[in-house]
Amino acid sequence: MKSFLKAMALILLSVSAAGCTIKTVGDPNRPITINANVVVDIRGLKQTANSIEDMVAKGGRDAEK
Amino acid sequence: MRKNKTLIWGFALFCLLAAVSSVSAASYGLKEVTPVINKAIVNRQGRYEILAGLKSQNNVGEDNRGYVKALGGGAQVEAVVAAENEDRRFIYENIAQQNNLGPEGLATIESVFAEVQREKAKPGESIQLPDGQWTKK
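From first to last, the protein sequence lines stand for chains A and B. Here this note's numbering is used: the first residue of the first sequence is 1, the next is one more, and so on. Here this note's numbering is used: the first residue of the second sequence is 66, the next is one more, and so on.
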């Protein structure tokens, strides 16, 4: 029973550490500014760019035929 | 011994959750080809051969922001370039919108498309490098 509780505590800790939400509480007259740097992973974008450009090229060549 | 086992399982679970959250955050792309995006793609297909000809004559080059630039040839070339860039901008902005990316995201999208255009450029065509210099591939 004790080990089960330990395991549950670890699971909850893992979930909260892996994807946590930041909640701020402060004085509305002195707002807090948070500068978030959003890093865009380009793998999906590059695949999208290649697909679109291939589609444009293929459609363009087919239209000429 | 039992305590160690629990700790190991906990750590493994943490690693798994961290990996899953990082993978799910990486799925940027075109989520839906709406009729207006399709129209922009069809427009681009329609001028593809004209643009390819202008590129081979070096009257048009691919810049480092994902757009084409007139390098010579006069008003007719300028008109083709303006129409092409309008459709490209429309596609980029829609990708940014569909992925809830702001102005910084749009700049990233533009630079990724620029990279793909540089890779797809044929030998002898004009391309702008990330540092701003123009060169022939």
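Keep in mind that the hints were calculated from the coordinates and are not lab data. There may be inaccurate statements among the hints.
Listed next, the in silico DSS-like pairs over lysine-lysine satisfying Cα-Cα at most 25 Å (straight line) [said to hold, decoys possible]:
1. K96(B) to K134(B)
2. K6(A) to K185(B)
3. K6(A) to K120(B)
4. K201(B) to K2(A)
5. K120(B) to K134(B)
6. K120(B) to K2(A)
7. K187(B) to K201(B)
Quick rundown of the hints versus the structure:
1. K96(B) to K134(B): Given that 25 Å is the threshold and the Cα spacing comes to 28 Å, the pair is violated.
2. K6(A) to K185(B): With Cα atoms ~55 Å apart, K6(A) and K185(B) exceed 25 Å; violated.
3. K6(A) to K120(B): 66 Å, violated
4. K201(B) to K2(A): 70 Å, violated
5. K120(B) to K134(B): Holds, at roughly 10 Å.
6. K120(B) to K2(A): Violated, at roughly 72 Å.
7. K187(B) to K201(B): 9 Å, holds
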